[in-house]
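Peer 1: First to last, the protein sequences are chains F and L.
Numbering-wise (the numbering used here), the first sequence opens with residue 1 and increments by one.
Numbering-wise (the numbering used here), the second sequence opens with residue 1 and increments by one.
The hints are simulated quantities; they were obtained by calculation from the structure and are not laboratory data.
You may find that some hints are simply not true.
What the hints assert, rightly or not - Below, a list of computed lysine-lysine pairs in the BS3-like style, where the Cα atoms sit at most 30 angstroms apart:
(1) L:Lys57 <-> L:Lys11
(2) L:Lys11 <-> F:Lys99
(3) F:Lys70 <-> F:Lys56
(4) F:Lys69 <-> F:Lys56
(5) F:Lys99 <-> F:Lys26
(6) L:Lys57 <-> L:Lys78
(7) F:Lys69 <-> F:Lys26
(8) L:Lys57 <-> L:Lys14
(9) F:Lys26 <-> F:Lys70
(10) F:Lys70 <-> L:Lys57
(11) F:Lys99 <-> F:Lys69
(12) F:Lys26 <-> L:Lys57
(13) L:Lys57 <-> F:Lys99
(14) L:Lys14 <-> L:Lys78
(15) F:Lys99 <-> L:Lys78
Note that the structure is predicted; figures quoted are calculated from it, not measured.
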Amino acid sequence: SQQGEEDPQALSIQEGENATMNCSYKTSINNLQWYRQNSGRGLVHLILIRSNEREKHSGRLRVTLDTSKKSSSLLITASRAADTASYFCATAIRSNDYKLSFGAGTTVTVRA
Amino acid sequence: GAGVSQSPRYKVAKRGQDVALRCDPISGHVSLFWYQQALGQGPEFLTYFQNEAQLDKSGLPSDRFFAERPEGSVSTLKIQRTQQEDSAVYLCASSPAGTRDEQYFGPGTRLTVT
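Generate coordinates for the entire structure from the input sequences, incorporating the hints supplied.
Peer 2: Pasting the structure below:
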């Protein structure tokens, strides 16, 4: 079973616009990670945010975490065609923090 | 440096056949994970190794699934008597040491059972 749920399921934006996707989860976590998957390829780690952190930045990516609401958001600023991919949040729960639990993902399409 | 590699990249098996999927983790990575990804879904955890020890196999769907990592490096996921519902992408990931780090994923093996 999957703990995380991403919202929306799909997103289509124009190049240069920002893309925001959300992730909700159910149980207490050690950390939450975001991964990107291009069509037919493996997952690439984007960013990890720990349960005691509220916001983290990496390049054009900004991740927030609200443990009281059990939710996280990923913002991609100034999107590019190369950002077209599926984005997954994955949670590492406290009791088994090696076991990542992924959501079903948000499919982002960036139109040129 | 080299990332996680998996072979074969694609496998077509007739129902009832046995298959073996190989994972070469990043050199020196202690932790190794297998995930199953159905079409349109996120990966689901199958099993976890720390060196050669299989510490968690709770995600393996049935006793037809078996994984090993005998020397603490290369791992093999074996599926016996394949069924159509086994069709999925099987992803391998490794991480350096502790279990709280990011995981580095291979490209996956797409298994199609006909």
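Peer 1: Now, for every hint given, state plainly whether the structure supports it.
Peer 2: To see whether the hints hold, each was checked on the structure:
Our distance criterion of 30 angstroms between C-alpha atoms is met by Lys57 (chain L) and Lys11 (chain L), whose separation comes to about 23 angstroms. Restraint check for Lys11 (chain L) and Lys99 (chain F): satisfied, since their Cα atoms lie roughly 26 angstroms apart, inside the 30 angstroms limit. For the proposed pair Lys70 (chain F) and Lys56 (chain F), the alpha carbon gap of about 16 angstroms is at most 30 angstroms, so the pair holds. For the hint linking Lys69 (chain F) to Lys56 (chain F), the alpha-carbon distance of about 17 angstroms falls within 30 angstroms, and the restraint holds.
This hinted pair checks out: Lys99 (chain F) and Lys26 (chain F) have alpha carbons roughly 15 angstroms apart, not beyond 30 angstroms. Our distance criterion of 30 angstroms between C-alpha atoms is met by Lys57 (chain L) and Lys78 (chain L), whose separation comes to about 13 angstroms. The straight-line distance between the Cα atoms of Lys69 (chain F) and Lys26 (chain F) is roughly 9 angstroms, inside the 30 angstroms bound, and the hint therefore holds. For the proposed pair Lys57 (chain L) and Lys14 (chain L), the alpha carbon gap of about 26 angstroms is at most 30 angstroms, so the pair holds.
Of the supplied pair hints, the one linking Lys26 (chain F) and Lys70 (chain F) holds, its CA atoms being roughly 7 angstroms apart against a limit of 30 angstroms. Our distance criterion of 30 angstroms between C-alpha atoms is met by Lys70 (chain F) and Lys57 (chain L), whose separation comes to about 27 angstroms. Our distance criterion of 30 angstroms between C-alpha atoms is met by Lys99 (chain F) and Lys69 (chain F), whose separation comes to about 22 angstroms. Distance check on the hinted pair: Lys26 (chain F) and Lys57 (chain L) sit about 22 angstroms apart at the alpha-carbon level, within 30 angstroms; holds.
Taking the CA atoms of Lys57 (chain L) and Lys99 (chain F), the gap is near 11 angstroms; set against the 30 angstroms cutoff, the hint holds. A hinted pair counts as satisfied when its Cα atoms are at most 30 angstroms apart, and Lys14 (chain L) with Lys78 (chain L) qualifies at roughly 15 angstroms. A threshold of 30 angstroms between alpha carbons decides the hint, and for Lys99 (chain F) with Lys78 (chain L) the separation of about 20 angstroms falls inside it, so the pair holds.
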